[in-house]
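Please build the complex by placing chain B on the supplied structure of chain A, with the hints as guidance.
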Amino acid sequence: MDTRIIKKREIGFLFIAFIICAVVVLKYYNPMYLETFGKQSLLQFAYFKYIIQMEITPKPKTAIPEAAPDSLKTIPILLYHGISTNKTQSGVNGEGRTVLLKDFESQMFALHAAGYRTITLAQFVAFREGKAHLPDKPIMITFDDAIKTSYYRADPIFHALGYNAIMFTISGHALGAPSRYYLSKSELKTMIRSGRWQVESHGDLSHQSIPTNATGIHGNFLSNKMYREKNRSGTQNPGLETTAEYQARITSDLESAKNSLEKAFGIQIIGFAFPFNDFGQATKNFPGSGNIILPVASSIYPLLFYQAWTETGYSQNYSYEQSPLVKRIEVPPNTSGTELLEKIEQGETKNLPFSDSFNQNRGWLEMWGSATIKNKQLVISSSDTDSASVFLDGTGYWTNYDFSASTNWIAGKDLEMEAHLKNNQNFLSCLFQAGGGVYAKETKNNTSEILKDVFPPEGVPHGNHTFGIAVDGNKVSCFIDGDAIVSGESDGTLAEGGIGIKTWDPETGGAHVNIEQVLVSTTSPSQP
Amino acid sequence: MDPSATFFYSQNTIPPPYEGNLSYFSGGIDNSQESFYNFFSKDSPSAPLLSLQTSETPLPYFPFVWQQEEQQESVYPQKISGARVLSRFLATFIFLALVVVGIGKVVFTADNPYLFLYLYGVSVTFVLLTVMFFSITRYRDPAEATDNAENNAIAFPYPFPSAFVSCMIAVHNEEKIITRCIESFLAQTYPYKEIIFVNDASTDRTAEILDWYASQGLIQVIHLEKNLGKKKALGTAMLQAQGEIFFFSDSDSVLAPDAVEKSTLIMAQRPDLGALSGHCRALNSEKNFLTKMQDSWYEGQFSVRKAFESIFGAVSCVSGPLAVFRREAIYNYIPAWENDSFLGQEFRFSTDRTLTGFVLGSRQIDAKLKKKYAGSPFVEMINYPPRDWTIAYAKSIHAWTEVPDTFTKFFKQQVRWKKSFIRNIFFTGTFYWRKPFLVSFFYYLHVLFVLMGPFIVFRHLVYLPMHGNALSAFLYLSGIAFVGLMFSFALKREEPTSDLWMYRPFMSLFSTIFLSPLLFYSLLTIKNNVWTRG
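Protein sequences, first through last, are from chains A and B.
All residue numbers for the first sequence refer to the numbering used here, where the first residue is 1 and numbers rise by one.
All residue numbers for the second sequence refer to the numbering used here, where the first residue is 529 and numbers rise by one.
Pulled out of the complex, with its shape left as it was, chain A reads as follows (with noise of 0.2 angstroms):
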């Protein structure tokens, strides 16, 4: 009888069978799943250390104040881009958008502790459809660019507060090839399952530049018209595309980051943010692309997230906006804690009666000239320009009041009162020429109707006064120390909206008013 062990025959065999188990070995031991592990490991240790963090601080004991009903609640969306460690890669010193981790740290805890808690998009829609049932105070954090550091430095914090973001994902590089600085979509997929990561669209390939002329300028992809050389077979001439041929390449663009995520990861994909907060704005050869992007853009996405500026308006998102676009306030890189929720809480919702005597700045914001708070007087000056406009920023509800405003006009031609204001294009408001007349105006998509005007046989004085509107249903009233002088009939539309000062003068530096004191009260209900 045959003794050996081992037979020829079965060398090969044994082989084969090592193959095998070393097949199976792999499957769960290799090296993409061996950095996932280890990467997890890192967040669940960096999120026990902030849990940790969590309990030993001590906990603020203010006073909740009431909170306002759902459809009076402004949502506040902050933005960041990724999440340094090092003061060279941030934003701080470098050129980068980048946060620091200490800083983004104290900013969500500081959130966290102030009673702020993250809602989600579809809450989001819920709101504007005034369906929600949003926290005492609700907050959005998104992420633009999908970068590693981002999700690795931010989660662990979101796991420990509780928070959800929203990812703004470049489809053309989290699809794509991998990289070592954008989030790979098996790292996506994770962010989502974990719950707290809400994917979305930032374009697919349009966070890139295009030539835009025969030197070799280049500009963003979505706001210019793409120059091309002369192809090689030469059946095509050198130059601009097409309106046409834009408006397919954009479109193409948008749909296919839709798609692609939709596929990738088996979600709806429901909103878009700008890249380069450029939907026209900063195009370099075709002025026109913001009528064309924001069509095209909104027949795809329901949302349309940028970065808003003061001239837009308010710096939160009010229920009554119907409009697709979403406004995100960008953090700064070097903010802190405080110095964020300072700025959040000033967007917030004013109740009233509100009076302001300038001790600290409860939220006014200059959309252009200069306006700065000293000496307890709000200083509005057109330094550079013809004019400068100021308005209050969380006013955005309001509606039917007296706004009046204690005024030493030192120069300037015109003063402008402004009332339900909704953003630099649509307000009402009481126009006072010095040494002229007084206007009752209605200004809707920057296009000013008089509804009234009257000509003081003295005319309107520089010095201090108190100048002021009322606005009672349709009526437009103007007042100047408590007198009414003029008032009109507006046709309704601008039912709601915030308060701002406005002044102007034929030179440039002319005009300078100092508001000593605002009040704002509720207009006593008129006698039918």
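Heads up, a few of these hints could be off.
[Stated by the list, open to error] List of simulated lysine-lysine pairs, BS3-like, C-alpha gap at most 27 angstroms:
1. A/K61 to A/K102
2. B/K815 to A/K8
3. B/K937 to B/K1055
4. A/K189 to A/K49
5. B/K754 to B/K940
6. B/K815 to A/K7
Calculated from the structure, these hints are not laboratory results.
Structure of chain B alone, referenced to chain A:
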């Protein structure tokens, strides 16, 4: 020689004895005709454990004198260089590989969106690991205890007939192989037995062969006029059986010469045992790839799975080729067995599993079955009280059975087995949970695995590849082959010089791809009771 060598037979001549492949047996069957009458001859080449004193003088049949002989070498001699090292190495490798893969599954597939699939994958590995671990480290062959002569002398229940064995075999149209079976019974070393063959209305020359052996006084034969099926045929035999121990085998099987002896010793020493299963392998292993595959498969089914169940005394299926039952444990339930019905129809399959079920569930089924069949002679004659029997598996008691050598036959057999399995979920499954936790938990898990198997296979081999994940089929089949390899290594431990282990992964793949979907066919045709052996 080919075990299925053609058997020439004419009516007026004594049929030549079986000349089978003898290499299976430790000693081989003695071919000489005289050996039929000289079981206890000192020349017996099989040198059994239980044997007469070797002396020059002829020995009386009774009383027995017990003598421990020099330990018989097992089928594979102990003196294989490196066998012990190899055995240790393979056992360690099996545990390590399964632990590594199991932990890998737990940790790195935790992101599986389907919790059920995750748990399925993890539990398959850990069940296998546990079964392997227990069967390798905890299983003790009950025959080991009987090696001690003093114990044997004390425990063996003399005087007879309390250790009288009734060997019963049902036969239906087996003229080509029945002689082989009869001869293997005649070659048994154990003397105190009767051999009853039931001819279940064979239409070929089976009856003539049986009658010839009966006429020589070697066996008893019962001829049935009508084909009644295996259960009723054996029921008839049991009515006239004298023994306290029932020893069943199949007409297509062959026993090791010491099979009856060893099992009787065990049954005598272990009064808690209600039944005992032997170790069964393929008789025609060398024939082709398919039979080799099955042979390697049988080894694992017995020495791993049955060994695991045996540790808890709850073997769930005492297999037909070598099944030993205590009369006390089954006698009253034979009418229920004969008249087994499922979905309102006589159910002819599931002979082994159901009979085992009676022993396992004695306490649960006793009153009901005795009441239902109160008029039956099996119940009227004597009333055995229900008991908590245990059932063991003895690795060292060998039997060999003919396995299907064509795919058609194999599929037919597997359909039959699947039907028996399904039928038995509704019988054994109703009380098996009373058994020790681990073994009963694994029993129900196994049922779940078998039922889910086709869906898992479909998902990995059809659905996922169709949805772009072509790698999944490859990885899944690798996983199946890996499980097969674990059984391969377990087999290599048992038979260090054999290369049969190489066929085991193929059996796993074959079983997964082709056999698991047979579940549906079996379910659909479960009322179709026709028993054909291909």
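Hint check results:
| no. | hint | verdict |
| --- | --- | --- |
| 1 | A/K61 to A/K102 | holds, 24 angstroms |
| 2 | B/K815 to A/K8 | holds, 21 angstroms |
| 3 | B/K937 to B/K1055 | holds, 19 angstroms |
| 4 | A/K189 to A/K49 | holds, 24 angstroms |
| 5 | B/K754 to B/K940 | holds, 24 angstroms |
| 6 | B/K815 to A/K7 | holds, 21 angstroms |
Figure legend: structure checked against the earlier numbered hints; every hint is met.
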